[in-house]
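Protein chains in written order, with our numbering: chain P, 1 to 341; chain W, 1 to 341; chain R, 1 to 341; chain G, 1 to 341.
Treat the hints loosely; a few may be bogus.
Identical chains share a label here; the pair holds if one copy fits it or two copies do between them.
What the hints assert, rightly or not - Here are the simulated lysine to any residue pairs, SDA-like style, with alpha carbons at most 25 Å apart:
hint: 1; residue 1: Lys155; residue 2: Arg64
hint: 2; residue 1: Lys155; residue 2: Arg314
hint: 3; residue 1: Lys75; residue 2: Asn44
hint: 4; residue 1: Lys13; residue 2: His77
hint: 5; residue 1: Lys144; residue 2: Arg198
hint: 6; residue 1: Lys259; residue 2: Gly93
hint: 7; residue 1: Lys317; residue 2: Ser92
hint: 8; residue 1: Lys194; residue 2: Glu172
hint: 9; residue 1: Lys200; residue 2: Gln24
hint: 10; residue 1: Lys14; residue 2: Pro315
hint: 11; residue 1: Lys155; residue 2: His47
hint: 12; residue 1: Lys75; residue 2: Glu105
hint: 13; residue 1: Lys201; residue 2: Ser19
hint: 14; residue 1: Lys275; residue 2: Arg198
hint: 15; residue 1: Lys89; residue 2: Val62
hint: 16; residue 1: Lys14; residue 2: Asn29
hint: 17; residue 1: Lys144; residue 2: Ala116
hint: 18; residue 1: Lys275; residue 2: Asn12
hint: 19; residue 1: Lys144; residue 2: Glu214
hint: 20; residue 1: Lys201; residue 2: Ile168
hint: 21; residue 1: Lys75; residue 2: Arg246
hint: 22; residue 1: Lys63; residue 2: Ala277
hint: 23; residue 1: Lys89; residue 2: Glu330
hint: 24; residue 1: Lys144; residue 2: Val30
hint: 25; residue 1: Lys63; residue 2: Gly93
hint: 26; residue 1: Lys201; residue 2: Asp175
hint: 27; residue 1: Lys200; residue 2: Asn94
hint: 28; residue 1: Lys6; residue 2: Arg246
hint: 29; residue 1: Lys70; residue 2: Gly290
hint: 30; residue 1: Lys6; residue 2: Asn73
Rather than coming from a laboratory, the hints here were simulated on the basis of the structure. Small disclaimer: the values here were computed from a predicted structure and weren't measured.
Protein chains: 4
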Amino acid sequence: MIVVLKHGVAENKKQQLISWLEKQNLRVNVSEGDYQTVLGLIGNTSHVDTDLVASLAIVDSVKRITEPFKCVNRKFHPEDTVVEARGAKVGSGNFALIAGPCSVESEEQMVGIARAVKAAGATLLRGGAFKPRTSPYSFQGLGKQALDYLSAAKKETGLPIVTELMDISQLELFDDVDVIQIGTRNMQNYDLLKAVGRQKKPVLLKRGMASTYEEWLMSAEYIMSEGNPNVILCERGIRTFEPSTRNTLDLTCIPLLRKQTHLPILIDPSHATGKYALVPAMSMAAVAAGCDGLLIEVHNDPQHAWSDGAQSLRPDKFDTLCKNLLSMHEYLGAMPRIDYE
Amino acid sequence: MIVVLKHGVAENKKQQLISWLEKQNLRVNVSEGDYQTVLGLIGNTSHVDTDLVASLAIVDSVKRITEPFKCVNRKFHPEDTVVEARGAKVGSGNFALIAGPCSVESEEQMVGIARAVKAAGATLLRGGAFKPRTSPYSFQGLGKQALDYLSAAKKETGLPIVTELMDISQLELFDDVDVIQIGTRNMQNYDLLKAVGRQKKPVLLKRGMASTYEEWLMSAEYIMSEGNPNVILCERGIRTFEPSTRNTLDLTCIPLLRKQTHLPILIDPSHATGKYALVPAMSMAAVAAGCDGLLIEVHNDPQHAWSDGAQSLRPDKFDTLCKNLLSMHEYLGAMPRIDYE
Amino acid sequence: MIVVLKHGVAENKKQQLISWLEKQNLRVNVSEGDYQTVLGLIGNTSHVDTDLVASLAIVDSVKRITEPFKCVNRKFHPEDTVVEARGAKVGSGNFALIAGPCSVESEEQMVGIARAVKAAGATLLRGGAFKPRTSPYSFQGLGKQALDYLSAAKKETGLPIVTELMDISQLELFDDVDVIQIGTRNMQNYDLLKAVGRQKKPVLLKRGMASTYEEWLMSAEYIMSEGNPNVILCERGIRTFEPSTRNTLDLTCIPLLRKQTHLPILIDPSHATGKYALVPAMSMAAVAAGCDGLLIEVHNDPQHAWSDGAQSLRPDKFDTLCKNLLSMHEYLGAMPRIDYE
Amino acid sequence: MIVVLKHGVAENKKQQLISWLEKQNLRVNVSEGDYQTVLGLIGNTSHVDTDLVASLAIVDSVKRITEPFKCVNRKFHPEDTVVEARGAKVGSGNFALIAGPCSVESEEQMVGIARAVKAAGATLLRGGAFKPRTSPYSFQGLGKQALDYLSAAKKETGLPIVTELMDISQLELFDDVDVIQIGTRNMQNYDLLKAVGRQKKPVLLKRGMASTYEEWLMSAEYIMSEGNPNVILCERGIRTFEPSTRNTLDLTCIPLLRKQTHLPILIDPSHATGKYALVPAMSMAAVAAGCDGLLIEVHNDPQHAWSDGAQSLRPDKFDTLCKNLLSMHEYLGAMPRIDYE
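Pulled out of the complex, with its shape left as it was, chain P reads as follows (with noise of 0.2 Å):
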């Protein structure tokens, strides 16, 4: 950890500074140059509280040149991570295709869907039970029972089931769920995350739409140091000035990503996208881009044809996409890798 000093400080504050971060087994290298003073903090720095230091009156700015997270960080976990959900297995060339509606409606329409997926190639099944809605007057989820429509799916084709949780207090509801989502919104509910760490059902934890890639590690962090090592990352599009889909879908964080830490991490193109026609070519880059899995929405109601949502994708094109994208990921497999470092 690096910290610089503002320009003139006064001697005997410095020497505070110094005396009171050797107390914290740092050693504390001193370089003065012309105009600032900076001081390289050396030894085990993951328990300096950088906040704290950056806001030292007499401190101008704290780089961190280790990073901030342990549990997460591939540096002291070299190998991929592999999380299960039973049977399913998510992570180091495991992919996972994960499909459903984004809202469950019918035991129906579930077990419908449910088998279409399964048929298409799909390792696990969604549905929101919680919704996370911006209004308060908009449909909210079918919440407990909906939960049960997604058991007799599972029942039906023995695909595990991964859903939305929204608060602590829904837990005691999630028996049979067997992949607990975080999603965009509470990404930073520290409460939340903490709760979700102190049990042992996989985490499939959504990025914040805008979250740094660290901020991001971090929440991973709060599950892990909590005791729960099965969490699956899920970037899902971030927030820009773009105004023409509804997030901008960041594939760059999966080489990114896969250098920084060994958890699996997948990739969202339905809700970053919004619109089902682009689908298809983002989850072919993302796969391309080495993700070790998809979250896409896949919807079916043959009554009501012209309700198709509009980022979900009708089964038959999801067969369809399927097939290329399990197709590409062999075919990329295959292919000379090309190594930095």
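For chain P, the structure is supplied; the task is to place chains W, R and G on it using the hints.
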């Protein structure tokens, strides 16, 4: 509400959509362009699920003409709301000065700061008991103990207490708290919003760091629609590309939201800028733009004078600033108003 | 085009507006809501100045239904454009690999790299002669001399040259240049766009780092409307809040713009990410998303092996990458397509 | 300047780098951490090409401690710069009020508005002759003719003229112009910056809509380093995710840049907000934050009263606003200052 259909939509699908809309007690004005069809929905559209309509396969886009919020809307509640917290009034000319440290550290600290800020002119006392921190290894706040220290400071000075609630389970500890703060990371934690909507204490709702004005008002609507009319809005900076400040303070929200909502609007220049040297100028600007109050971090630690927080003012600076702010607030009140409609 | 009027507009002002619109050869469909009036403009709206209409005091907002661009619009030019630069074709299945160093440094360097990238499969050679640099004290490019070195490399290898034009006055030096690049900082330098529109060489138009898709297409429209149909679009990352990469690569532009325009779409993963280790994965992703080519920085400096550019690939890595890219491009061509409309 | 090396760098490459740096007249302080090596560069680093150093393969990151700008830096020019344009002073307590229409339309319009804004208190007259428009089909300004109308208005009222230069070739028409405006889209058009740096008229440099403070100051440095010291900075809103305003006005630049540069800082609330109803409040806020002046759009078109520009004030409103602004500016001048450092 305007619904633009995609080019070349089949007549029968268009008719299905129109009759579905008419069943929701809306009149539908059909306008056939040379290239696209536009539906104008006339009637009470506040219960129409825009997301659902926009998601229909034959729909190109949807544009609301009337706002999606009702309780917070000035149209239906023309006079300014005045929120009252144990004697302290906020809104409609009642200027609120909320001051105190970022984190509660000790009873001595809290009582000392409370006396200082009261003397300077503060009308409410703030201090963090439960702290949302990016890292699980950073100080998470003193919790229950901090609430006791806040109570001691309140007993001593009479200043009502403002502190952040991070999870519903902490609500039972908030008996002596006067204003519940919902932090930027929880602005879309809808279960938490509903919970504070079901009780009667005033709620200070910080803007999400990447939330639009409309999303912010919709979160206030969540609280009000559960029955709690005592909501105070607080802008604290938004996330942008600019790296020199922690966030970008968006003061334009003051005149813009003033037209849309009757709720009081506060500004937090300390968190927005992250640098105490910027707090005085931005506080003055906020008052000149017409805000209803400020949330300012003040710190005092005589034993560790070198550890002033980067965004906290010292009591002596706060004292001068308060005089300037209150003087300008009064001065502005006497100026000719420039109204547009 | 839809024009939403403000609430409570006086009847005579509304009529003034309508007759002004009708004078522009538009039919106006008036839809009176309970709360607001909406005008639907029918006819050729491409010459209506949206900014002007939106600026009228009685207008609440304007929404275009048809796009404001004509020459670049796929609607009026359904088949893909193929741009040809001295034999090298770009677009409609003709995959372009543009490679070379960030800055031209010497004839030896350019000839060496040109040979290496040609052997690997590059179809065009790039190299900066005039360099837009944030600081006036940074190296600004070798200028005229660099153009001579590029010519030498072209003579040696036959590869057509792509290089950036920063000011109209440099155009007279570009005789031997085959594709004129307009950089991200000049995407809205309209006089420069008009100038390259008045000549016939192909133009590679980089997206402004904070420009929307529509603004980007409108800049292409500037070039085409002056008479030059040979425009190639190139995405190079947009500015977001994420600090880990120089920019955020927005691959979603590929499938989205494919529907809106007939122009070829290239991707520059080197500038977008700023890190060579991320270039291979993002290049593969770009091809999988359906781009028409790539712009990749390749550097080779045997004497100063430690000075590889942070975003430049070494020729050996580029060689492997090219094989992978071209193999995947062919493989994807044989896959079943998933079309929506 | 601090250079952090990558983990595990070979000793000989490290030594090559150090000796290369030492050849540039820098002392290098080497600090070996447990995990990484940090080089502290001591001496005059203003000519070190940060981009080049950062691009070296063995370098992890570079951090400047001293600013990369010299001419604009307050450190080397502690007193405020006062720019003088034909009698009108800007900076260091000389408050500038620049007013006028977005586009110059006729001599009658310009003379009328010039008289009105002068009477209200404006010190300079603005009006667009060359207009940067997103669409090639929108009105591009009256050009040369508009400059004549501006001259007529100046002759009539004595107000110095501010107008935008879009291309170097237009400079020969600017004889009677007093302040040359460089627009937001040209803030990084470096050849244009150099051209206005080689002449002596004052330059009003608008911030790029997605430019950082440092990039903005570096663009000012381009002008000053060519020999023209008369630069005025003007913030006009930045691009963010918020759709309700055209841009987000970033007033924090005022106190922050005040410490870094001696140049005057103006605010343009008209372009930032895009809505005239927001201009008065944001103008007051800008003055309270300490700006050196404002750029406000004023329009007057009695024959087409319905065509007020959305962001233009009517002269009567402008008149009241000016009184308020100038009164507050004086009032603030008498307040106790709160200084930090």
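We went through each hint and held it up to the structure:
For the identical chains of this complex, Lys155 and Arg64 are neighbours neither inside a copy (49 Å) nor across copies (42 Å), given an alpha-carbon limit of 25 Å. In this assembly of identical chains, Lys155 and Arg314 lie within 25 Å of each other by CA distance solely inside one copy; the values are 23 Å within and 53 Å between copies. Taking identical chains as interchangeable, the C-alpha atoms of Lys75 and Asn44 lie at most 25 Å apart only when both belong to the same chain, with a minimum of 14 Å there against 37 Å between chains. In the homo-oligomer, the alpha carbons of Lys13 and His77 never lie at most 25 Å apart, since the shortest distance is 40 Å inside one protomer and 28 Å across protomers.
In this homomeric assembly, Lys144 and Arg198 come within 25 Å of each other (Cα to Cα) both inside a single copy, at 22 Å, and across copies, at 21 Å. Proximity of Lys259 to Gly93 under the C-alpha cut-off of 25 Å is restricted to the intra-copy arrangement: shortest distance 16 Å within a copy versus 34 Å between copies. When the C-alpha separation of Lys317 and Ser92 is checked against a cutoff of 25 Å, the pair qualifies only between copies, where the shortest distance is 24 Å, while the shortest distance within a copy is 27 Å. Taking the shortest Cα distances, Lys194 and Glu172 sit within 25 Å of each other both inside one copy (15 Å) and across copies (20 Å).
In this assembly of identical chains, Lys200 and Gln24 lie within 25 Å of each other by CA distance neither inside one copy nor across copies; the values are 34 Å within and 45 Å between. Proximity of Lys14 to Pro315 under the C-alpha cut-off of 25 Å is restricted to the inter-copy arrangement: shortest distance 23 Å between copies versus 66 Å within a copy. When the C-alpha separation of Lys155 and His47 is checked against a cutoff of 25 Å, the pair qualifies neither within a copy, at 46 Å, nor between copies, at 36 Å. Within a single copy, Lys75 and Glu105 get their C-alpha atoms no closer than 44 Å, and across copies no closer than 35 Å, so neither meets the 25 Å cut-off.
In this assembly of identical chains, Lys201 and Ser19 lie within 25 Å of each other by CA distance neither inside one copy nor across copies; the values are 44 Å within and 45 Å between. Proximity of Lys275 to Arg198 under the C-alpha cut-off of 25 Å is found in neither arrangement, the shortest distances being 36 Å within a copy and 36 Å between copies. Within a single copy, Lys89 and Val62 get their C-alpha atoms no closer than 40 Å, and across copies no closer than 40 Å, so neither meets the 25 Å cut-off. For a Cα distance limit of 25 Å, the shortest separation of Lys14 from Asn29 qualifies both inside one copy, at 13 Å, and across copies, at 19 Å.
In the homo-oligomer, the alpha carbons of Lys144 and Ala116 lie at most 25 Å apart inside one protomer (24 Å), although the nearest pairing across protomers, at 51 Å, exceeds that limit. Taking identical chains as interchangeable, the C-alpha atoms of Lys275 and Asn12 lie at most 25 Å apart only when they sit on different chains, with a minimum of 23 Å there against 61 Å within one chain. For the homomeric pair Lys144 and Glu214, neither the shortest alpha-carbon distance inside one copy (34 Å) nor that between copies (30 Å) is at most 25 Å. Taking the closest pair of Cα atoms, Lys201 and Ile168 come within 25 Å of each other both inside a single copy (14 Å) and across two copies (23 Å).
In this homomeric assembly, Lys75 and Arg246 come within 25 Å of each other (Cα to Cα) only across copies, at 24 Å, whereas the closest approach inside a single copy is 35 Å. Taking identical chains as interchangeable, the C-alpha atoms of Lys63 and Ala277 lie at most 25 Å apart only when they sit on different chains, with a minimum of 21 Å there against 43 Å within one chain. In this assembly of identical chains, the alpha carbons of Lys89 and Glu330 lie at most 25 Å apart only when taken from the same copy (16 Å versus 31 Å across copies). Neither within a single protomer nor between protomers do Lys144 and Val30 lie at most 25 Å apart by alpha-carbon distance, with minima of 60 Å and 40 Å respectively.
For the homomeric pair Lys63 and Gly93, neither the shortest alpha-carbon distance inside one copy (35 Å) nor that between copies (38 Å) is at most 25 Å. When the C-alpha separation of Lys201 and Asp175 is checked against a cutoff of 25 Å, the pair qualifies only within one copy, where the shortest distance is 10 Å, while the shortest distance between copies is 35 Å. Taking the shortest Cα distances, Lys200 and Asn94 sit within 25 Å of each other inside one copy (20 Å), while across copies they are farther apart (51 Å). Taking CA atoms no more than 25 Å apart as the test, Lys6 paired with Arg246 passes between copies only; the shortest distance there is 18 Å, against 42 Å inside one copy.
Taking the shortest alpha-carbon separations for Lys70 and Gly290, only the intra-copy value of 23 Å comes in at or below 25 Å, while the best inter-copy value is 38 Å. In this assembly of identical chains, Lys6 and Asn73 lie within 25 Å of each other by CA distance solely across copies; the values are 17 Å between and 32 Å within a copy.
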